[in-house]
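Chemist: The lines below spell out each chain.
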Amino acid sequence: MAKKEFYSFYPGCSSQPKASADNFLRSSNAMCDALDIKLKEIDDWNCCGASIGYAGGGEVPRLSLSARNIALSQQQNGDADIVAPCAACWIATREAQERVEHNPKVGEGINAALAEIGLKVESGKMPQARHMVEVLVEDIGLDTIAKGVTKPLEGVKIAGYVGCQTNRPFGIAGESFENPLYLDHMIEACGAQAVDKYEKKVACCSGALMFSEPEKGHALVKDIIEAAYDGGADMIVTPCQLCQMNVESYQSNINKTYGTKFNIPVVYYSQLIAVAYGKSSQEAALDGQIIRAGKLEDIANK
Amino acid sequence: MSDMNQAMVQKYRSNFLKEVEANVEEGTWVKMCMQCGVCSGSCPLGPHWEHPQQELFMMIRAGKREEVLSSSSMWMCTSCYNCIARCPRGLPITHIMHGLASYAKRLGLAPKNQPTSKFGDIFWDSIAKNGRVNELKIGVSLYFMNGFSQGIKNALASRELGMAMMKTKRMSPTEYFGGHKCKDLSGIAKMLKKAKEFEAEHITKFGE
Ligand code: SF4
Ligand code: SF4
Chain A
1 MAKKEFYSFY PGCSSQPKAS ADNFLRSSNA MCDALDIKLK EIDDWNCCGA
51 SIGYAGGGEV PRLSLSARNI ALSQQQNGDA DIVAPCAACW IATREAQERV
101 EHNPKVGEGI NAALAEIGLK VESGKMPQAR HMVEVLVEDI GLDTIAKGVT
151 KPLEGVKIAG YVGCQTNRPF GIAGESFENP LYLDHMIEAC GAQAVDKYEK
201 KVACCSGALM FSEPEKGHAL VKDIIEAAYD GGADMIVTPC QLCQMNVESY
251 QSNINKTYGT KFNIPVVYYS QLIAVAYGKS SQEAALDGQI IRAGKLEDIA
301 NK
Chain B
1001 MSDMNQAMVQ KYRSNFLKEV EANVEEGTWV KMCMQCGVCS GSCPLGPHWE
1051 HPQQELFMMI RAGKREEVLS SSSMWMCTSC YNCIARCPRG LPITHIMHGL
1101 ASYAKRLGLA PKNQPTSKFG DIFWDSIAKN GRVNELKIGV SLYFMNGFSQ
1151 GIKNALASRE LGMAMMKTKR MSPTEYFGGH KCKDLSGIAK MLKKAKEFEA
1201 EHITKFGE
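Chains A and B, in that order, give the protein sequences. Residue numbering for the first sequence follows the numbering used here, starting at 1 and increasing by one per position. Residue numbering for the second sequence follows the numbering used here, starting at 1001 and increasing by one per position.
So that you can see chain A by itself, here it is in the shape it has in the complex:
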């Protein structure tokens, strides 16, 4: 597939200025600039309901939220692919499409709700909803990305933590659920070294339950970090905003509970690519890390 002229961009709640993935948004802008990816943000997009929306929202209200985004995208950007950098947004959008296509009753409810605001979605006629990673892997290609690298991330060893929702239930075409390889390949395309057989690559960070069941969440994250250290990693990289937050920001709490001494940076793929393409520390949003990624900053500042 070739790169599209532009993509209809659905950033999602965490990737807004001064929200928890502000560092993703900034580095993604730098990455898109480096790779010449053009994004047109969907005007007035709303929250996808995330995985936890089911509790208060039920089925039809929750899926109507995504349907509104789809209809707005179509109205503003025609057939352009909807691109979400957040796995939860991407999954929710695809699930809404699937439900409209396969469950006429739910589809009817969604369209009745949309009709209130003069919008509709039609089975078989919705634009494709894609993850930002799909654009990189499928439309641009990791070989092409590797060719444009001006500052290879030499001497940095990175654990590619794919997590859950970027990988399941849809995943990236051609990759296995148990051992997807694209993130390792992306690390290598940037000139860094990927941890071989990272044992917790597709393990769960506890998602939204980190907020409601923190002790259980910390236990899961502890294993994810331990496995990265076991593999000799200098840092962890992830495609997911919730994984990034959960794995980076509770390390001091985990240290208190378990007597560990974790202090490992957790960055986004967009930050690796931005630095490898010669963007500054600030453009790559390395100042947005709670645990600073010193090795990347050194390369960026060189």
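Wrong hints could be hidden among the right ones.
Below, computed lysine-lysine pairings styled on DSS-like, alpha-carbon distance capped at 27 Å [unchecked claim]: (1) A:K38 / B:K1183; (2) A:K105 / A:K40; (3) A:K18 / B:K1169; (4) A:K295 / B:K1018; (5) B:K1196 / A:K125; (6) B:K1181 / A:K18; (7) B:K1129 / B:K1118; (8) B:K1169 / B:K1181; (9) A:K18 / B:K1183; (10) B:K1169 / B:K1183; (11) A:K18 / A:K197; (12) A:K302 / A:K157; (13) A:K38 / B:K1181; (14) B:K1183 / A:K256; (15) A:K38 / B:K1169; (16) B:K1181 / A:K120; (17) A:K105 / B:K1181; (18) B:K1169 / A:K120; (19) B:K1169 / A:K302; (20) B:K1118 / A:K40; (21) B:K1167 / A:K222; (22) B:K1181 / A:K222; (23) A:K222 / A:K157; (24) A:K147 / A:K38; (25) B:K1196 / B:K1181.
Just so you know, these hints were derived from the structure itself, not from any lab. It should be emphasised that the depicted structure is a prediction, and the values quoted were computed from it without experimental measurement.
Since chain A is already given, all that's left is putting chain B with the ligands on it; use the hints.
Modeler: Same frame as chain A, but now just chain B with the ligands:
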């Protein structure tokens, strides 16, 4: 017990499977389970489930209505989709678990003070009101969801993280007064109201 719960008991008599098929998200799949247990073996919070997934499916078929709907089990789902990816029968287990949890809540049978259920409400209220998540307000309500003094304790315990988020510009105190939101809030409210009405009607009338 809620009126709606009574009505459902009357309506489906002892056929809980039929009730689930009619009213729970993706509930028609339940009868396809072959009890292999792969799902519960794949679940990250597996040890914390009072009844593992396949057991819930068996209990539904055996008509154990109260036990299933009042269980804390479904609330342990982190939405990791591991079970979906591995189920040999292709059951959309994640969605069924979400569906069971939200149906139990609708009938007033969900366990009281279940933290994920409460958090889910806080989250949904924030979206319904603003169209987008207000992370700071959700965080604050979350600390205080078990009362004021617990809230102060939680907030103090998390102040280090809060400071770090502010310092790295990943959270802004101004979010508390306004913050991220959609423009067409009245449209979103209308849409959600209609969707809610449709769903309520769909549940009470289904199968007639
Ligand atoms: S993996 Fe599928 S078939 Fe096996 S017990 Fe779970 S739901 Fe049933
Ligand atoms: S999606 Fe939910 S039920 Fe399924 S394995 Fe993950 S946490 Fe368990």
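Chemist: Take the hints in turn and mark each one as holding or not.
Modeler: So, going through the hints one by one against the coordinates:
Taken as a hint, the A:K38 and B:K1183 pair is honoured in the structure, with Cα atoms around 24 Å apart against an allowance of 27 Å. Restraint check for A:K105 and A:K40: not satisfied, since their Cα atoms lie roughly 33 Å apart, outside the 27 Å limit. Restraint check for A:K18 and B:K1169: the C-alpha separation of about 5 Å stays at or below 27 Å, so the hint holds. For a cut-off of 27 Å, the pair hint linking A:K295 to B:K1018 is broken: about 59 Å separates their Cα positions.
Distance check on the hinted pair: B:K1196 and A:K125 sit about 25 Å apart at the alpha-carbon level, within 27 Å; holds. Taking the CA atoms of B:K1181 and A:K18, the gap is about 13 Å. The hint holds against a cut of 27 Å. Proximity of B:K1129 to B:K1118 is assessed by CA-CA distance (about 17 Å); at most 27 Å being required, the pair is judged to hold. Among the hinted pairs, B:K1169 with B:K1181 is consistent with the structure: their alpha-carbon atoms are about 18 Å apart, no more than 27 Å.
Under the criterion of a C-alpha separation no larger than 27 Å, the hint pairing A:K18 with B:K1183 is consistent with the structure, at around 19 Å. Proposed proximity of B:K1169 and B:K1183 is supported: the alpha carbons are some 24 Å apart, at most 27 Å. In summary, the hint linking A:K18 to A:K197 is not supported, as the alpha carbons are separated by about 35 Å, beyond the 27 Å threshold. Between A:K302 and A:K157 the CA atoms are separated by roughly 18 Å; this keeps the pair inside 27 Å, and the hint holds.
Between A:K38 and B:K1181 the CA atoms are separated by roughly 24 Å; this keeps the pair inside 27 Å, and the hint holds. Our distance criterion of 27 Å between C-alpha atoms is broken by B:K1183 and A:K256, whose separation comes to about 43 Å. Distance hint between A:K38 and B:K1169 is fulfilled; the C-alpha atoms sit about 25 Å from each other, no more than 27 Å. Annotation: proposed proximity of B:K1181 to A:K120 holds, straight-line Cα distance about 22 Å (limit 27 Å).
For the given pair, A:K105 sits about 30 Å from B:K1181 by alpha-carbon distance, which is inconsistent with the 27 Å threshold. Note on B:K1169 and A:K120: the hinted pairing is violated, with a Cα-Cα distance of about 37 Å set against a maximum of 27 Å. A hinted pair counts as satisfied when its Cα atoms are at most 27 Å apart, and B:K1169 with A:K302 qualifies at roughly 25 Å. Restraint check for B:K1118 and A:K40: the C-alpha separation of about 36 Å exceeds 27 Å, so the hint is violated.
Between B:K1167 and A:K222 the CA atoms are separated by roughly 25 Å; this keeps the pair inside 27 Å, and the hint holds. With a C-alpha separation of about 34 Å, the suggested pair B:K1181 and A:K222 falls outside the 27 Å cut-off, and the hint is violated. Under the criterion of a C-alpha separation no larger than 27 Å, the hint pairing A:K222 with A:K157 is consistent with the structure, at around 19 Å. Distance hint between A:K147 and A:K38 is fulfilled; the C-alpha atoms sit about 20 Å from each other, no more than 27 Å.
Between the alpha carbons of B:K1196 and B:K1181 the distance comes to roughly 21 Å, so the proposed pair stays at or under 27 Å and holds.
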